[in-house]
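Protein chains: 2
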Amino acid sequence: MDQPIETHEHNREGFTVTLGKESPLKLDCGVELGPFTVAYQTYGTLNAERNNTVLVCHALSGDQFVASTHPLTGKPGWWHILVGPGRPLDPDRYFIVCANVLGGCMGTVGPASKDPNTGHPYGLSFPVITIADMVRAQAMLIDHLGIEKLFCVIGGSMGGMQVLQWASMYPDRVYTAVPVGTAARHSAQNIAFHEVGRQAIMADPEWRGGQYYLHGTTPRAGLAVARMAAHITYLSEAALRRKFGRKLQDRKEVTYGFDADFQVESYLRHQGITFVERFDPNSYLYITRAMDYFDMAAEHGGVLAKSFKGTAVRFCLVSFSSDWLFPTNEMREIVHALNAVAADVSFVEIETDKGHDAFLLDEPELHMTLGGFLSAAAERAGIGSP
Amino acid sequence: MDQPIETHEHNREGFTVTLGKESPLKLDCGVELGPFTVAYQTYGTLNAERNNTVLVCHALSGDQFVASTHPLTGKPGWWHILVGPGRPLDPDRYFIVCANVLGGCMGTVGPASKDPNTGHPYGLSFPVITIADMVRAQAMLIDHLGIEKLFCVIGGSMGGMQVLQWASMYPDRVYTAVPVGTAARHSAQNIAFHEVGRQAIMADPEWRGGQYYLHGTTPRAGLAVARMAAHITYLSEAALRRKFGRKLQDRKEVTYGFDADFQVESYLRHQGITFVERFDPNSYLYITRAMDYFDMAAEHGGVLAKSFKGTAVRFCLVSFSSDWLFPTNEMREIVHALNAVAADVSFVEIETDKGHDAFLLDEPELHMTLGGFLSAAAERAGIGSP
Numbered sequence: 020m021d022q023p024i025e026t027h028e029h030n031r032e033g034f035t036v037t038l039g040k041e042s043p044l045k046l047d048c049g050v051e052l053g054p055f056t057v058a059y060q061t062y063g064t065l066n067a068e069r070n071n072t073v074l075v076c077h078a079l080s081g082d083q084f085v086a087s088t089h090p091l092t093g094k095p096g097w098w099h100i101l102v103g104p105g106r107p108l109d110p111d112r113y114f115i116v117c118a119n120v121l122g123g124c125m126g127t128v129g130p131a132s133k134d135p136n137t138g139h140p141y142g143l144s145f146p147v148i149t150i151a152d153m154v155r156a157q158a159m160l161i162d163h164l165g166i167e168k169l170f171c172v173i174g175g176s177m178g179g180m181q182v183l184q185w186a187s188m189y190p191d192r193v194y195t196a197v198p199v200g201t202a203a204r205h206s207a208q209n210i211a212f213h214e215v216g217r218q219a220i221m222a223d224p225e226w227r228g229g230q231y232y233l234h235g236t237t238p239r240a241g242l243a244v245a246r247m248a249a250h251i252t253y254l255s256e257a258a259l260r261r262k263f264g265r266k267l268q269d270r271k272e273v274t275y276g277f278d279a280d281f282q283v284e285s286y287l288r289h290q291g292i293t294f295v296e297r298f299d300p301n302s303y304l305y306i307t308r309a310m311d312y313f314d315m316a317a318e319h320g321g322v323l324a325k326s327f328k329g330t331a332v333r334f335c336l337v338s339f340s341s342d343w344l345f346p347t348n349e350m351r352e353i354v355h356a357l358n359a360v361a362a363d364v365s366f367v368e369i370e371t372d373k374g375h376d377a378f379l380l381d382e383p384e385l386h387m388t389l390g391g392f393l394s395a396a397a398e399r400a401g402i403g404s405p
Numbered sequence: 020m021d022q023p024i025e026t027h028e029h030n031r032e033g034f035t036v037t038l039g040k041e042s043p044l045k046l047d048c049g050v051e052l053g054p055f056t057v058a059y060q061t062y063g064t065l066n067a068e069r070n071n072t073v074l075v076c077h078a079l080s081g082d083q084f085v086a087s088t089h090p091l092t093g094k095p096g097w098w099h100i101l102v103g104p105g106r107p108l109d110p111d112r113y114f115i116v117c118a119n120v121l122g123g124c125m126g127t128v129g130p131a132s133k134d135p136n137t138g139h140p141y142g143l144s145f146p147v148i149t150i151a152d153m154v155r156a157q158a159m160l161i162d163h164l165g166i167e168k169l170f171c172v173i174g175g176s177m178g179g180m181q182v183l184q185w186a187s188m189y190p191d192r193v194y195t196a197v198p199v200g201t202a203a204r205h206s207a208q209n210i211a212f213h214e215v216g217r218q219a220i221m222a223d224p225e226w227r228g229g230q231y232y233l234h235g236t237t238p239r240a241g242l243a244v245a246r247m248a249a250h251i252t253y254l255s256e257a258a259l260r261r262k263f264g265r266k267l268q269d270r271k272e273v274t275y276g277f278d279a280d281f282q283v284e285s286y287l288r289h290q291g292i293t294f295v296e297r298f299d300p301n302s303y304l305y306i307t308r309a310m311d312y313f314d315m316a317a318e319h320g321g322v323l324a325k326s327f328k329g330t331a332v333r334f335c336l337v338s339f340s341s342d343w344l345f346p347t348n349e350m351r352e353i354v355h356a357l358n359a360v361a362a363d364v365s366f367v368e369i370e371t372d373k374g375h376d377a378f379l380l381d382e383p384e385l386h387m388t389l390g391g392f393l394s395a396a397a398e399r400a401g402i403g404s405p
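Note that the protein sequences, when read in sequence, are chains A and B.
First residue of the first sequence: 20, per our numbering; consecutive thereafter.
First residue of the second sequence: 20, per our numbering; consecutive thereafter.
By construction, these hints were calculated from the structure, which means they are not laboratory data.
Note that the Cβ used here is the ideal one computed from N, Cα and C, for glycine as well.
Please note: incorrect hints may appear among the correct ones.
In the EDC-like style, the derived pairs of lysine to aspartate or glutamate whose C-alpha atoms are separated by at most 16 Å in a straight line are [to be verified]:
1) A:LYS325 - A:GLU352
2) A:LYS271 - B:ASP363
3) B:LYS271 - A:ASP314
4) B:LYS325 - B:ASP314
5) B:LYS266 - A:GLU352
6) B:LYS266 - A:ASP314
7) A:LYS271 - B:GLU318
8) A:LYS94 - A:ASP162
9) A:LYS262 - A:GLU167
10) B:LYS168 - B:ASP278
11) B:LYS262 - B:ASP372
12) A:LYS94 - A:GLU318
13) A:LYS40 - A:ASP191
14) A:LYS266 - B:GLU318
15) A:LYS266 - A:ASP278
16) A:LYS325 - A:ASP314
17) B:LYS271 - A:GLU318
18) A:LYS328 - A:ASP363
19) B:LYS40 - B:ASP162
20) A:LYS262 - A:ASP278
21) B:LYS328 - B:ASP363
22) B:LYS94 - B:ASP111
23) A:LYS266 - B:ASP314
24) B:LYS325 - B:GLU352
Which chain A residues face chain B? A few, computed with CB under 7 Å, are given here [said to hold, decoys possible]:
25) ALA211
26) GLN218
27) TYR232
28) PHE263
29) TYR275
30) PHE366
Please put together the full structure from these sequences, using the hints given.
Given below as structure tokens:
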């Protein structure tokens, strides 16, 4: 059962497709984008009924390499624990698709892409995109793949925002929606943390007004600081205490200096340094901004329930007790909104001390919850078991 | 009663004194420091019995200007709400002393001070100091002022660490100790946030290995980012939601750009920019490091109670329900340690949504708690009421 998953790679980014050739993508900011490239990865096979597609939506720093080796880091896919034969997202049963988001840096068009009008990378002339724009681009990809309706849209964190947006914008194209560790709007505290990250990047002189591509530089230090600050919010105080506490790094005594005396410092620095190797700083600006702008209720006069009025989508929401970035009470607001429109909702809060990152980790209750929900839904949808 | 407090200012920093002329201060790192300057401020008059001194210990970004106009910002002192006629710390009753900490930048020796051996500012050649070192320097100041025993040592956050250290190192010189919103050791999460701040400063090219003084530059952007990240931890999610939520800054619609669309962004940027005007970036490195190193139990085999064995000091501890930087459970550990040695302890957790910053704010329950505790203790100590 543990054989490697066939990935149909065409190039380093997996598949790439040019979309918006005939009619461009109209972004929320008013700009029309197109033609543009989307890079995606698939696992498994679309069945004859074309009803077994699972769209996985990735988080801020994620990409399309859900369950295949990352071409830059050589690490296993970010959700390889959930995706694979015998796992909740089984490619023997489902056709699993994940696309790099709009504004990303793993093959989909983003600020590092060449602007066809200038021949240079966009930099800050790339239009600011929203979660809804990301979802519109994914819908164009799904059209391109000849798929009318998705069996499931699933994702954690910013991925969960996309799931909610899919269910709201395209309710007839979604059979089940599984938002994990997310919220229907980005909180003031989360905007604040993102702003710190953006300021760190833009304060780095190597950022050069966003056109570092032309100078052969990159604001490495700024992006590393942004990642370090963000990374703290992905964990919990309890997890940090359990994992690191005040343990020293390869030394018996503090050094009375500014080296990484503590393991937690060394760990954080490592997180910063490795992130820089695989992520475009401008993409970080654009994607955090898309999350900040996310507020599903806003276009419905602040009434979230209206986003889901009359929905037939079956929802399964999962939160984590120690997630302080997307706390359970924000997930519960979504449940209340769905209840208000008599939607079909399951909601599970998983007890864990692993914080927001729990959605990426080997969390047995998460696997059981998703496995149970998806296989029951697949039965109902008439998708054969492997 | 609301007349201005007499401040006896000698110069911009208040009083300054040169200490360690005969015998230097032996720092925890092994370096001997001396002679060195300490800048301090006083309010009220030392009584004939010399038993009415309150030593106020300031926090990371604080200074000696507890209740007098700040010479750089022109703002009222950081604890003016608590210090003044008719207030819990009444200069008509107490002789109130606050010294800028060792490593600071408001007149006490720190990395921006001139190294007598080189004639240049210390920069990173300034020795790394600890909370205990700060307290040792304060004890030298108290000796200099001819005071044997303090009526009270009080402070919040890093100030509270100094209070605990005073009670542990000099139990016979402290009548009452009032640590507010603090901990007996710095947590992994707090070390992590400090490390982000330090990395932001050191990543700024204008930091120049800590010797920016010689180049006439200053790592403004790095320090601003450090302050922004830290400032989020001083508030609570609830306070941010109540104060800002997703409200926009002087605009009706988002701009689809990287300006401060949201009020919370604008507020944070302001916090960063104004801090740079009054604080030395290297001091920020040194003082955060002192906090990271703070672990009172460490020198007692991890048993905090041993730090207070046989103590006659009367303690009053205050925590705030929404303080996630120094949460109540960490304060409770101190209470348990004090209970274990049968110390005289009051402990109050104040219900507030204002987060860690509550200790600086007009929090009526804090004022009542401190007022009641101090005036009862003053009665017992035979300090006349004003």
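When you check the alpha-carbon spacing of A:LYS262 and A:GLU167, does it fall within 16 Å? 46 Å, violated
Between A:LYS40 and A:ASP191, is the straight-line Cα distance small enough, at 16 Å or below? Violated. A:LYS40 to A:ASP191 sits at ~25 Å, over the 16 Å cutoff.
Within a Cα-Cα threshold of 16 Å, do A:LYS94 and A:ASP162 meet the stated pairing? This hinted pair is violated, its Cα atoms lying about 31 Å apart.
Can the restraint linking B:LYS325 and B:ASP314 be considered satisfied, given a maximum Cα separation of 16 Å? 13 Å, holds
Pair hint A:LYS328 and A:ASP363, alpha-carbon separation not exceeding 16 Å: 12 Å, holds
Straight-line alpha-carbon gap A:LYS94 to A:GLU318, limit 16 Å: Distance of about 40 Å is beyond 16 Å: violated.
Does the alpha-carbon distance linking A:LYS271 and B:GLU318 stay inside the 16 Å limit? 14 Å, holds
Under the criterion that the straight-line Cα-Cα distance not exceed 16 Å, is the pair B:LYS271, A:GLU318 satisfied? With a Cα-Cα distance of about 14 Å, the restraint between B:LYS271 and A:GLU318 holds, given a limit of 16 Å.
16 Å Cα cutoff - pair B:LYS328, B:ASP363: This hinted pair holds, its Cα atoms lying about 12 Å apart.
Decide if the proposed pair is consistent with the structure: A:LYS325 and A:ASP314, CA atoms, cutoff 16 Å inclusive. 13 Å, holds
Are the Cα positions of A:LYS266 and B:GLU318 separated by 16 Å at most? 15 Å, holds
With a cut-off of 7 Å, does the beta carbon of A:TYR232 approach a beta carbon of chain B closely enough for the hint to hold? Hint on A:TYR232: violated, closest Cβ of chain B at ~17 Å, above 7 Å.
Going through the hint list in order, the structure does not satisfy hints 2, 5, 8, 9, 10, 12, 13, 20, 22, 27 and 30.
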